[in-house]
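Residue numbers (numbering that gives the first Met the number 0), protein chains in the order written: chain C, 0 to 354; chain R, 0 to 317; chain X, 0 to 340; chain F, 0 to 291.
Simulated from the structure, these hints should not be mistaken for lab results. Bear in mind the structure is a predicted one, so any value in this text is a computation, not a measurement. Possibly wrong hints are sitting among the right ones.
Said to hold, decoys possible - Covered stretches of chain C (in silico footprint by chain X; criterion: 3 or more residues with CB under 8 Å from a CB of chain X, positions within the stretch not fixed):
#, stretch
1, 92-104
2, 194-203
3, 270-276
What the hints assert, rightly or not - Sample of chain R residues facing chain C (criterion: CB under 7 Å; computed from the structure):
#, residue
4, D215
5, L219
6, H234
7, A307
8, R314
Said to hold, decoys possible - Under 7 Å between C-beta atoms, here's a sample of chain R residues computed to sit facing chain C:
#, residue
9, A109
10, G166
11, T222
12, K223
13, G224
14, R237
15, F241
A virtual CB, placed ideally from N, CA and C, is assigned to each residue, including glycine.
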Amino acid sequence: MNSSTPDRNEFEPLIETVNLKTHFRTPRGVARAVDGVSIQIRRGQSIGVVGESGSGKTVLSRSIMGLLPRNGVIREGSVRYGGEEIGNRTPKQMRSIWGREMAMIFQDPMTSLNPVMKVGRQVTESLRLHLGMSSSEAMAVAEKIFRDVRIPEPTRRLNQYPHELSGGMRQRVMIAIALACGPNMLFADEPTTALDVTVQAQILDLLAEQIRDRNMSMLLVTHNLGVVAGYTDEIAVMYGGKVVERAPTKTLFQNVKMPYTEALLQSIPRLNQPSHSRLAMIPGRPPDLVDPPAGCRFASRCAYVRELCRHEEPPLVQAETPDHTFACHFPVGSPEYHERRVELTRASGTTAGVS
Amino acid sequence: MRYYVQRVALAILLLLAVSMLTFGALNVLGDPLFNILGPVAGDVNNPDSIKMIEVAKREFSLDRPLPVRYALWLSDFVRGDFGVTFSSTGQPPVSGVISERLPRTVTLVAMAQMFAILISIPWALITASRAGKVSDRISTLNAFFLVAMPNFALAVILKYVFSIKLGWMPLTFVADDPWRSRLFQMILPALTIGLPVAAVYQRLLRTDIITTLQQDFILLARTKGLSRTRILLVHALRPSLFSFITVVGLNTGALIGGSIVSETVFRIPGIGSTLVESVLRNDFPVVLAIVMIVASSFVIINLLVDFAYTLIDPRVRR
Amino acid sequence: MAGTGKAHLRPAGEALLRVEDLVVEFRIGRTGLKVNAVSGISFDVLPGETLGIVGESGCGKSTTGRAVMQLPRATSGSVVFDGRELTTLDKEEMREVRTKVQMIFQDPISSLNPRRKVRDIVMEPLLIWKRGSKQEQGEAVDKVLEEVGIDPQRAAESLPHQFSGGQCQRISIARSLVLEPQLIICDEPVSALDVSVQAQVINLLEDLKKAHGLTLIFIAHDLAVVKNISDRVAVMYLGKICEIGPSEGLYGRPAHPYTKVLLDSIPIPDPDVETRKVAVEGEPPSPVNPPSGCRFNPRCPNASDRCRTEEPIMREIDPGHFVACHHPLFGGEAPVTVRSA
Amino acid sequence: MSVVANNAGDEAAVARKKLGFGFWLCVGWLGLMLFVAVFTPLLPLKSPTANFLDSSQGRPPYAPSWKHWFGTDKDARDVFSRTLHGARISLTVGFSAITAGFLIGGTVGVISGYFRGWIDRVSSFVFVVLLSFPSLVLAILLTSLIERSLLTVSLVLGLLSIAPVGRLARAATLQYSDREFVLAARQIGAKDRHIIIKEILPNVAIPMSSLALLGMAVAVVAEGGLSFLGLSVEKGITWGGLIQLGSDASKTLEKAPWISFFPILMLFLTVLSLNFAGDRLRTFFDVKEMTL
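Build out the structure end to end from the sequences listed, making use of the hints.
Okay, structure coming up:
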């Protein structure tokens, strides 16, 4: 689709971050929104970044893309795109990459489209800018993309304003805008959170299909484990600004290592559980990013915490399963984990609160 | 369509209420005869006064009940018959005075509004795009100074600096000069009115642009790789103009108020200065006519602003 | 009338709350258009039961909850609570009833007055109703705050914005509990919360229900959450109830095509479950101008001509499991009925 | 919610911690003016009406000097003393006008915003009618018809502030009465009066009260404009009147600019202080709302 991308090595990751840090200066001090994240995304790969609010998942995707506010930001570490360092580029230098090489889809289709501009023009804008098309050429391309994202009556829709479209249609328009110049990398930031269930399924299927057809890579940011399970190849779980576990999607669900991921999975109600089944809870609240606790950031909420966890930060280590890394001293399945589990079960008389 | 009809109906209702209020004020606050004639009303021994009293009574049907008088006055008013002025000899019709002076005021107010808009939009765009930086803070402070300067005081200062000390601008307005020099003579008076208003506009528009710039659709525009200037002009400006337009409409009233002061200081015989003179001379037919004309045009301008709104915001169209 | 049948209602004497033919209409602004938010629904709740109401945005589920509270009053229909008809009560009588029916809202932060101390907020209902002495009031408030897991000391000193979203929701729950109501209507109480906090609040509601013998109406768009907490579930679409039944039966064997579509659309947090292809096309139409016949017919895979003209009637297809559909997924075709006036 | 947005909120939170030096400077100036306005008769000032003719200096006006800090006017009256005396009427009118406006406009606005319905329609129409006159025009119309005393001028300017204040109060009330905490109060059985006083008023009154300073600035300017045109309080010294006196003839302005300029400076500083302090207060209170 796009020839200008540096394309030296098939095996070289399309995106690679090394120890990426994004900190914000706030009145209370420096908030470590993203605190040393190293990830790679291969061409054609979809990676899901999961976490609760304040885990840094949104900031991570924006940091990679270079979409950060101008003031009050401290950024460290490296971001490579197709082997080229882009982490130190200014927004002005990034403009040739934005839209053309990388695109982003936002959560709320209501607020993400310009309310006073016809949607057609919002799609053609980048076509004209990056590919130098004339207005009529761009319109023709826009119509084709509208058809690709299954917007009925594309010709009529191009001349409508966002408020004349339904929520699902707006999200399709946003996808059309993102796809317009045929980027290699798509960032989708909670793309379906504002949508109804039935529409969410449509949009996710559409995204998956477009990614596959265009051989694009995608970074899907979401809090919904169901969404990542069905639509990504790999998952990175974030907590307190760090990636705490990363694995191929299947591996993660089958062989969880990090107690936080396990607790997260167990706290969601499932359709296949009977009614009134007790949900596992994670007590307390996420760590303060301005003054994060020493040691493991999940320690104060973890059921398996030990003294070591409170002092020493666990490094990201390789699991026995391939491509699987996690940051925990006493991962799920370790002897200490089992020992504590037995204690907890005995103490409560049931498994409630643990599993 | 329904919306337009409703708005026009409301405007007509408003004009009626405004005229009732004005007419009522003149007839209820104090003696209407005194309000019309001033001290002459009490001077019942002077034959000239008696004649004037009779004319006034006839002209205003003072012996009829208030609602009837109102109806009569209103029907005259909509036909362009504003009565005669009482305080000058010969009792010339008010409409003559008005038609001579109104165009000057309209020019002055339009010029002031133009200055205010032309100054404020670029000023707001530049400061909003540098929000928080030193230049923005200095400009905010400047805006504060301008807003805090009452227009009569600003008029005095501008007159002192530019007309008296520097001599760049003429001191007085000469009604018989060719139109170009009359326009030139109006620059300073128009700036007097327009500058503080420009500061008001700028502060409002700057805030709105900053709010718009924080919206998701601006972020989306950035991810398209658009330049800052393009984002500012194409994406941020128009959605930020909604309250600006409303305020431009509402401020027309402030501009008219400003023109009263400005015309008085710079001695421009417009309807603003005429209003003040007539009030001081107790020439109430003129006062009534001017207040009505000003209030009506204000109502109509706001109606037009409402319609302009629908042009800018596609969401309001039905 | 369709979707509005009352076959699923239980004997009047047994139910704590019985809603019949509830209709709520709004006018939008100056356009003169009318939104049919709720179009004639009936349901009941037995004492101690939890009724879940699910549906997509705009289906009228929140409006239903508010109409029970008479906030605002329904356009027509009857709401009988504990033997009293609420729709005809005057303002003063309704105030009295509201102490027995309480409501919890979606946005935990907006539900608390930002300028009042949290403990005062929880105390408020007791002050309004002058329950007990000053000291008794204080004790009652501290007790209920502790019960929901909020430190009374901190609550006395802090404003709502000093608490997290989950804590604010706990405070809202405490406020609704302090008058010891019989029925609590929970309007999307966990959808603004993070997953881990959501579990805390759901468990808390379950505990409180047991401890206080409460009856709950739980309104939400998340089907799994509703299943977890409810004994009986009603599925709403565009102002109508399509299906109502015990949660196990309804989720295990949905009869209405819409329920099936909803269930199929949920992304399952398990990569081994094959992701189904899009379950349904399109989006719910506008409630301003709802389709005739069965309201789901334009999107329904099974729609027939009958569905486009005749509204389906609620009927029982399994014990306690009712559906309003001409061609349900099981239980046989609906018998052809003569439309009554 | 993105951290980016949170960050913006936090930035605003800094402003909330302290009102800043500028604010206190303004408050200081306003306090000084208030002191002057209240205690002018007791202060050791030259008589504002006496003529200080000085044959050695020729014909007045005299330029500022040790004897006359702000100089004198054409009648050799002391401008400093007159300017301080002018504070009295300006501030009294400004204060009483805005108090009247807030009491009447605020009450009507809150009531119509809360109950809506016909009360709202009637009051909104009255507001629109009042706002259909440019305020200076309406002020001129009314003051021209009455005996212009301190009370009546205050009342006229108070009347003018009813509509703008009322509209703001109504808008704020509308915004809050849709909030869920009001619904929550209603469903615990609170009466309307209770809801208005306990739930709505604290939220509406605090931001509104910060508008009081801005409103007072407007009233002070309006009074200045009226007195500049000779249509304010008939007896007594006003800043507007002093400015008018010094700028009436171009000759006076050219030769003795101090006659106008010192009152202008006082008026300017006072209005600036009111505006600046009011604006700071407004952001101070808005922010708390935004960080929620």
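Is the interface hint for R/G224 satisfied, with its Cβ closer than 7 Å to some Cβ of chain C?
holds (4 Å)
Between the stretch 194-203 of chain C and chain X, are there enough contacts, at least three residues with CB-CB distance under 8 Å, for the coverage claim to hold?
The restraint on the stretch 194-203 of chain C holds, since 8 of its residues have a Cβ under 8 Å from chain X and three suffice.
How about the stretch 270-276 of chain C: do at least three of its residues have a C-beta closer than 8 Å to a C-beta of chain X?
Check passed, 6 qualifying residues.
Take the shortest C-beta to C-beta distance between R/K223 and chain C; is it under 7 Å?
Since chain C brings a Cβ to about 4 Å from R/K223, closer than 7 Å, the hint holds.
Have a go at the R/A307 hint: is there a Cβ in chain C nearer than 7 Å to its own Cβ?
violated (14 Å)
Interface hint compliance - R/T222 to chain C, C-beta minimum distance less than 7 Å
holds (4 Å)
How about R/F241: closest beta carbon in chain C under 7 Å, or not?
violated (9 Å)
Within the assertion that chain X covers the stretch 92-104 of chain C, do at least three residues meet a Cβ-to-Cβ distance smaller than 8 Å?
violated (count 0)
Does the CB of R/L219 sit less than 7 Å away from some CB of chain C?
holds (5 Å)
Interface hint for R/R237, Cβ within 7 Å of any Cβ on chain C:
With a closest approach of 5 Å, the R/R237 hint holds.
Is the interface hint for R/R314 satisfied, with its Cβ closer than 7 Å to some Cβ of chain C?
The hint holds - R/R314 has a Cβ within 7 Å of chain C, the shortest such distance being about 5 Å.
Quick one, is the R/H234 hint okay against chain C at 7 Å, beta carbons?
Holds, because the Cβ-Cβ distance from R/H234 to chain C comes to roughly 6 Å (cut-off 7 Å).
Going through the hint list in order, the structure does not satisfy hints 1, 7, 9, 10 and 15.
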